[in-house]
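Chemist: Sequence:
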Amino acid sequence: MKPVSLRPQAKLDRAAQSEHYAREGGVKLGDDFLAIALAALAQVEAMPGIASPRIGSALGMRGLRAWHLTRFPLQGLFIERADPLDVLRLLADRQDIETLLRVGGAAKPRRRPAP
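In the numbering used here, the protein residues as written are 5 to 119.
Heads up, a few of these hints could be off.
Quick list of in silico lysine to aspartate or glutamate cross-link-like pairs, EDC-like style, CA-CA up to 20 Å [as the list claims (entries may be wrong)]:
#1 Lys-15 x Asp-100
#2 Lys-6 x Glu-102
#3 Lys-15 x Asp-97
#4 Lys-6 x Asp-100
#5 Lys-15 x Glu-84
#6 Lys-15 x Asp-35
#7 Lys-6 x Glu-84
#8 Lys-6 x Glu-49
#9 Lys-6 x Asp-90
#10 Lys-6 x Asp-97
#11 Lys-15 x Glu-49
#12 Lys-15 x Asp-90
#13 Lys-15 x Asp-36
Derived Cβ-Cβ restraints for the label pairs, each shown as a range [as the list claims (entries may be wrong)]:
#14 Ala-86 x Gly-30: 18 to 24 Å
#15 Ser-61 x Leu-33: 29 to 35 Å
#16 Val-31 x Arg-66: 37 to 43 Å
#17 Thr-103 x Pro-12: 17 to 23 Å
Honestly, the hints are just simulated from the structure, not real lab data. Keep in mind the model is a prediction, meaning the values are calculated, not measured. Glycine residues also receive a C-beta, built at the ideal position from the N, C-alpha and C atoms.
Please work from the sequences and hints to get the whole structure.
Modeler: Take a look at the structure:
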């Protein structure tokens with residue numbers, strides 16, 4: 005089991021999503037979101053390999069994995085390190101993940117092939 009460490013931006017993402025769901029669907033929905041997010045983090049702590057490496061491969065970020073939250077169109081993005089799991093962001097599926105990771109300094113630009 006690897007402990008999870010949320011970067012400051014991931015904590016802000018979690019709070020913003022919770023507030024959004026509480027505002028749009030009521031306090032219970034905001035609370036449900038937090039409970040599901042915490043359960044997802046616990047599951048990833050126990051089995052980090054269950055998260056998909058697809059986004060990390062597409063971005064050229066070794067070790068970057070993503071997992072979808074149940075009932076919500078969101079995914080958590082983390083880098084699997086020896087210890088702990090480094091949670092970068094919690095983003096909506098429709099957001100531009102590549103740009104948001106780069107703006108946050110988490111990703112390095114992809115090298116373009118020489119012409």
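Chemist: None of the hints should be skipped; say for each whether it holds.
Modeler: Checked hints:
For the suggested pair Lys-15 and Asp-100, the alpha carbons sit about 19 Å apart, so the restraint of at most 20 Å is met. Between Lys-6 and Glu-102 the CA atoms are separated by roughly 25 Å; this puts the pair beyond 20 Å, and the hint is violated. For the suggested pair Lys-15 and Asp-97, the alpha carbons sit about 17 Å apart, so the restraint of at most 20 Å is met. Between Lys-6 and Asp-100, the direct Cα distance comes to roughly 28 Å. Violation of the 20 Å bound is thereby established for this hinted pair.
The suggested pairing of Lys-15 with Glu-84 holds, with an alpha-carbon distance near 18 Å, which does not exceed 20 Å. Straight-line distance between C-alpha atoms of Lys-15 and Asp-35 comes to about 15 Å, which keeps the hinted pair within the 20 Å bound. Straight-line distance between C-alpha atoms of Lys-6 and Glu-84 comes to about 9 Å, which keeps the hinted pair within the 20 Å bound. Taken as a hint, the Lys-6 and Glu-49 pair is honoured in the structure, with Cα atoms around 5 Å apart against an allowance of 20 Å.
Note on Lys-6 and Asp-90: the hinted pairing holds, with a Cα-Cα distance of about 10 Å set against a maximum of 20 Å. Restraint check for Lys-6 and Asp-97: the C-alpha separation of about 25 Å exceeds 20 Å, so the hint is violated. Taking the CA atoms of Lys-15 and Glu-49, the gap is near 17 Å; set against the 20 Å cutoff, the hint holds. With a C-alpha separation of about 12 Å, the suggested pair Lys-15 and Asp-90 falls inside the 20 Å cut-off, and the hint holds.
Distance restraint check for Lys-15 and Asp-36: the Cα-Cα separation of roughly 17 Å lies within the 20 Å cut-off, and the hinted pair is therefore satisfied. Judged by the Cβ atoms, the range 18 to 24 Å given for Ala-86 and Gly-30 is violated: they are separated by roughly 41 Å. At about 33 Å, the CB distance of Ser-61 to Leu-33 agrees with the hint of 29 to 35 Å. Look at Val-31 against Arg-66: about 40 Å separates their beta carbons, and that is inside 37 to 43 Å.
Under the hint 17 to 23 Å, the C-beta atoms of Thr-103 and Pro-12, about 19 Å apart, fit the expected range.
In this structure, the earlier hints numbered 2, 4, 10, 14 are contradicted, and the remaining ones agree with it.
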